[in-house]
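Undergrad: For the record, the sequence lines run as chains A and B.
When we follow UniProt numbering, the leftmost residue of the first sequence carries the number 1, and every step to the right adds one.
When we follow UniProt numbering, the leftmost residue of the second sequence carries the number 1, and every step to the right adds one.
There's no promise every hint is true.
[Unchecked claim] Using 27 Å as the maximum straight-line C-alpha spacing, the simulated DSS-like pairs for lysine-lysine come out as follows:
1) Lys74/A - Lys87/B
2) Lys545/B - Lys113/B
3) Lys105/A - Lys392/A
4) Lys392/A - Lys87/B
[What the hints assert, rightly or not] Examples of chain B residues toward chain A, derived with CB under 8 Å:
5) Tyr90
6) Gly130
7) Thr141
8) Tyr146
9) Asn151
10) Ser216
11) Lys224
12) Met351
13) Gly352
14) Ser356
15) Glu360
16) Val401
[Said to hold, decoys possible] Taking beta-carbon pairs under 7 Å as the criterion, some of the chain A residues facing chain B (in silico):
17) Ser216
18) Ile227
19) Lys232
20) Pro406
21) Pro408
Calculated from the structure, these hints are not laboratory results.
Here the structure is a predicted model, which is why all the values come from computation and not from measurement.
Virtual Cβ for every residue (Gly too), placed ideally from N, Cα, C.
Each chain is listed here by its residues.
There are 2 protein chains.
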Amino acid sequence: MSFLRHCGVLKITAVSSASALWPAGPWHRATVHPFARVCLSCSPSLPYRAFSESQGLRDSLAAEMENGTPKAEKILTLESMNQNVRKLEYAVRGPIVTRAMELEKELQQGVKKPFTEVIRANIGDAHAMGQKPLTFLRQVTALCLYPEMLNDNKFPEDSKQKARRILQACSGQSSGAYSASQGIEVIRQDVAKFIERRDGGIPSNPDNIYLTTGASDGIVTIIKLLIAGQGKSRTGIMIPIPQYPLYSAAIAELDAVQVNYYLDEENFWALNIKELRQSLHEARKHCNPKVLCIINPGNPTGQVQSRKCIEDVIRFAAEENLFLMADEVYQDNVYAKDCAFHSFKKVLFEMGPKYSSTVELASFHSVSKGFMGECGFRGGYMEVINMDPVVKQQLTKLVSVRLCSPVPGQAMMGVIVNPPQPGDPSYNQFNSEKLAVLNNLAEKAQMTEKIFGQSPGIYCNPVQGAMYSFPRIEIPPKAVQEAKAQGLTPDMLFCIKLLEETGICVVPGSGFGQREGTYHFRMTILPPTEKLKTLLQKLTQFHEKFVKEYS
Amino acid sequence: MSFLRHCGVLKITAVSSASALWPAGPWHRATVHPFARVCLSCSPSLPYRAFSESQGLRDSLAAEMENGTPKAEKILTLESMNQNVRKLEYAVRGPIVTRAMELEKELQQGVKKPFTEVIRANIGDAHAMGQKPLTFLRQVTALCLYPEMLNDNKFPEDSKQKARRILQACSGQSSGAYSASQGIEVIRQDVAKFIERRDGGIPSNPDNIYLTTGASDGIVTIIKLLIAGQGKSRTGIMIPIPQYPLYSAAIAELDAVQVNYYLDEENFWALNIKELRQSLHEARKHCNPKVLCIINPGNPTGQVQSRKCIEDVIRFAAEENLFLMADEVYQDNVYAKDCAFHSFKKVLFEMGPKYSSTVELASFHSVSKGFMGECGFRGGYMEVINMDPVVKQQLTKLVSVRLCSPVPGQAMMGVIVNPPQPGDPSYNQFNSEKLAVLNNLAEKAQMTEKIFGQSPGIYCNPVQGAMYSFPRIEIPPKAVQEAKAQGLTPDMLFCIKLLEETGICVVPGSGFGQREGTYHFRMTILPPTEKLKTLLQKLTQFHEKFVKEYS
Chain A
1 MSFLRHCGVL
11 KITAVSSASA
21 LWPAGPWHRA
31 TVHPFARVCL
41 SCSPSLPYRA
51 FSESQGLRDS
61 LAAEMENGTP
71 KAEKILTLES
81 MNQNVRKLEY
91 AVRGPIVTRA
101 MELEKELQQG
111 VKKPFTEVIR
121 ANIGDAHAMG
131 QKPLTFLRQV
141 TALCLYPEML
151 NDNKFPEDSK
161 QKARRILQAC
171 SGQSSGAYSA
181 SQGIEVIRQD
191 VAKFIERRDG
201 GIPSNPDNIY
211 LTTGASDGIV
221 TIIKLLIAGQ
231 GKSRTGIMIP
241 IPQYPLYSAA
251 IAELDAVQVN
261 YYLDEENFWA
271 LNIKELRQSL
281 HEARKHCNPK
291 VLCIINPGNP
301 TGQVQSRKCI
311 EDVIRFAAEE
321 NLFLMADEVY
331 QDNVYAKDCA
341 FHSFKKVLFE
351 MGPKYSSTVE
361 LASFHSVSKG
371 FMGECGFRGG
381 YMEVINMDPV
391 VKQQLTKLVS
401 VRLCSPVPGQ
411 AMMGVIVNPP
421 QPGDPSYNQF
431 NSEKLAVLNN
441 LAEKAQMTEK
451 IFGQSPGIYC
461 NPVQGAMYSF
471 PRIEIPPKAV
481 QEAKAQGLTP
491 DMLFCIKLLE
501 ETGICVVPGS
511 GFGQREGTYH
521 FRMTILPPTE
531 KLKTLLQKLT
541 QFHEKFVKEY
551 S
Chain B
1 MSFLRHCGVL
11 KITAVSSASA
21 LWPAGPWHRA
31 TVHPFARVCL
41 SCSPSLPYRA
51 FSESQGLRDS
61 LAAEMENGTP
71 KAEKILTLES
81 MNQNVRKLEY
91 AVRGPIVTRA
101 MELEKELQQG
111 VKKPFTEVIR
121 ANIGDAHAMG
131 QKPLTFLRQV
141 TALCLYPEML
151 NDNKFPEDSK
161 QKARRILQAC
171 SGQSSGAYSA
181 SQGIEVIRQD
191 VAKFIERRDG
201 GIPSNPDNIY
211 LTTGASDGIV
221 TIIKLLIAGQ
231 GKSRTGIMIP
241 IPQYPLYSAA
251 IAELDAVQVN
261 YYLDEENFWA
271 LNIKELRQSL
281 HEARKHCNPK
291 VLCIINPGNP
301 TGQVQSRKCI
311 EDVIRFAAEE
321 NLFLMADEVY
331 QDNVYAKDCA
341 FHSFKKVLFE
351 MGPKYSSTVE
361 LASFHSVSKG
371 FMGECGFRGG
381 YMEVINMDPV
391 VKQQLTKLVS
401 VRLCSPVPGQ
411 AMMGVIVNPP
421 QPGDPSYNQF
431 NSEKLAVLNN
441 LAEKAQMTEK
451 IFGQSPGIYC
461 NPVQGAMYSF
471 PRIEIPPKAV
481 QEAKAQGLTP
491 DMLFCIKLLE
501 ETGICVVPGS
511 GFGQREGTYH
521 FRMTILPPTE
531 KLKTLLQKLT
541 QFHEKFVKEY
551 S
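Excised from the complex, chain A in its bound form (with noise of 0.2 Å):
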């Protein structure tokens, strides 16, 4: 049957939510583990060690059951499919994901947990978190899906000129209509003047933006371009760990190279030159590295880089020859008072033309973080410097075939780029929104410091930035020897057990890369102030019993 095939050794057995599928017969039934839903007499170590695939094999199996007969060999199969598809892996929402998902289910069909609700805090979504989006945004947004509120006497005069700007710029009037492909020329036009504001006047030209689908595509796009040759001569892309997931599985989907390079933990997770320098060295042994990837404010890190940090880097990336990718969808998310937001792009032309007019840079930003947490419309920009003029030709084609990123996504580009003024009748409402909402975020930045501070066995830096804490925990040799049993990392084991038992979804840090010996795992501080409490206690007082029981 085919389902061996996919489980190679093991005999796959019983399912617990849907025994009704299984037949008795050879199918062992008494250790069913409610997680992964094999047999754990069969096979301790699958579950959580490849659970995507036993979940596939189940499927498979119910499949074939309900069939009654095994099927033919299908075309697509997970032997003939994309190897580089099979093999990337995307944490953020991987298993753990997709079982609190079946847990949130169970819960409304009244099956009995050790909890009432789950609570998501594996993702930088905070409208699924109860932020409420800024009225400004969503008024003119709308008003260009439905221009005939143009005359509604409801909506500010401000909403509804941007909004006419936006329509006036649409092909036919209509954001119904294909942009062009490197986006909306005025709102390319006001991203580059949202750059210039921010970068105190370093001119940005709106020929080197490009409009699109959440920053994820244009950092995809990038890497797309930049990856080419074979063996040795691979291209190696440079990438912090830890890291945001999308660079890995984008790397191992386009059959890049990754080039790890380590941020000091002990250090605020700050990056090292030194390190990235060791790094650079020993991967020019096997491929041909040219990209360096900065996320700053960090994620899953939450640092905020230094200005003299940056500086640094940029020289490194001008010595060495590295194309630099600079990801910072949280410029707007810094904490710390000790802290600010200084942009790639400034530092890059406040260095002077020796860099500036060699350094080839792409920055990225994003609708979904900072103030507005607008996920859901996939917007973005990117802004490409120092690009050979014939590949920023090669790029527009390339982008070009997918038409154009969506057109409401843009639009909130476009009006977070150019928000109301002093003086406009939105002013008021839109700074006051986007302040609570900055400030609250620093408030919960402030409490899972200080919560995760007074906590034995668990580590963590403070949150300068971003939207996310990554504490070290400790995790006892005896819980990393049954993990090991079971074929998964430490972390995946200690983050199952706390969904089980607290219905808390964290990610585990092996899905964005740690130290070796080392455990963590990610959590927004997006939850509302009084549900992080709760759920920042919760989570130390499960790490306190996990320790317990395995030590």
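Using the hints, position chain B against chain A.
TA: Below, chain B alone, put in the same frame as chain A:
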């Protein structure tokens, strides 16, 4: 200087519209071609053959002139970049459209032209051509963006109900939250019900539905899953010729093998099984063909496949072990009285379990075409049938890396598949707006057929469906020679001259593929009736003149 690297044997010389930039010195100024802007005495063939690169050359050169000194070698160059990206082409937004946009700007600046307006008939972009969005679609999507209006009595009750239903399914009840990667669950349920209604009750499972960022996204994602192997075992993907160039572009980018099968122009562009078989057998000598792509109704060819033809294709796919991809984005656009749309899914299931339980199929739909034309929203869905559950899980993992498709586009898809029903407050208006669009398109399809039918030297199949006409045109041997001398395809020469003299922008047939020695162009039938009439008349007159000029 680095531009010499790009231009190979050529000396690039002068630029007409920006001459101030160029030093006199060694540059020729005499015979500058107005379109490609390189010196024809140095390089008669470059301008059209590789317009995009010559454009890049110009920019590159301009950049060097500005700085006074040649630039240092870039990291990302035409040579070092991803060569698969470099080789892909997407004619629908290719160099001729870039030139059309330039002409529009020149007209705005008051430059005199032999025409007063550029008409972009290059792309299926209904709203850009003046089609008005359907009121109900925009009411619901605007309400999803700005729920404050849910209390406004200007909105009909059914629009509010639908918006509430979608919002309740969004995390945090906000369209700004990420959705599940596969798409919002209630919308996937509505898509499944829509498919069931469309296909006479054949069941559709919401778990098989993925909401996508336009159909393009779904198509590329499935191709991405299917590619594997090296050399003779590389995945071959069968596509119709003429094809929609998304397919060739995706195949080039992903380094798969494009396997052409020719549609039968003499027989209304029908799909011929004998041709399929021959093409497949030929392809098996050098690759591993495992996917068969169908576009029905056809783009750019406008044919609508008969039920029998679809059955034959399914039988062929089953016999030959091919994964079927059915691009059905024009399913609402059928105009010919003797034609009807049959979905591959429906025909597959009506052929009985031998086929319906084995043939692997992915079919695609979009919010961009049909009567809605909401291209800017980038919404769509795909349904996968008989996909190995383990692979489906890999598919879900793959799409999760980009988090989700845009929620406004998902909402748009949600309204389209769940429109007002008889008795609902918006039913009459929705239906009359929908019919007005479809009847108008049918009228324009007929007019196009009629005017081309009366034009000597132009041979045009009836536009049975979709939004395009793809006429074959006579190009005299002398014009073919001139094109050859310029390194151009003859239909590109025709389209360039048409654009420069009349402002009409259509896409050369070579961008879609055509039998050797035949020449075509694709134009949309979307301009308003009177404008389309003028366009057709001007175009046929220009062709007559063109033929005379080269006789």
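Undergrad: With reference to the structure, classify each hint as holding or not holding.
TA: Okay, the hints, checked on the actual structure:
no.: 1; hint: Lys74/A - Lys87/B; verdict: 32 Å, violated
no.: 2; hint: Lys545/B - Lys113/B; verdict: 18 Å, holds
no.: 3; hint: Lys105/A - Lys392/A; verdict: 47 Å, violated
no.: 4; hint: Lys392/A - Lys87/B; verdict: 15 Å, holds
no.: 5; hint: Tyr90; verdict: 5 Å, holds
no.: 6; hint: Gly130; verdict: 6 Å, holds
no.: 7; hint: Thr141; verdict: 5 Å, holds
no.: 8; hint: Tyr146; verdict: 4 Å, holds
no.: 9; hint: Asn151; verdict: 10 Å, violated
no.: 10; hint: Ser216; verdict: 5 Å, holds
no.: 11; hint: Lys224; verdict: 6 Å, holds
no.: 12; hint: Met351; verdict: 16 Å, violated
no.: 13; hint: Gly352; verdict: 14 Å, violated
no.: 14; hint: Ser356; verdict: 12 Å, violated
no.: 15; hint: Glu360; verdict: 5 Å, holds
no.: 16; hint: Val401; verdict: 5 Å, holds
no.: 17; hint: Ser216; verdict: 5 Å, holds
no.: 18; hint: Ile227; verdict: 5 Å, holds
no.: 19; hint: Lys232; verdict: 15 Å, violated
no.: 20; hint: Pro406; verdict: 4 Å, holds
no.: 21; hint: Pro408; verdict: 4 Å, holds
Comparing the model with each earlier hint shows violations of hints 1, 3, 9, 12, 13, 14, 19; every other hint is respected.
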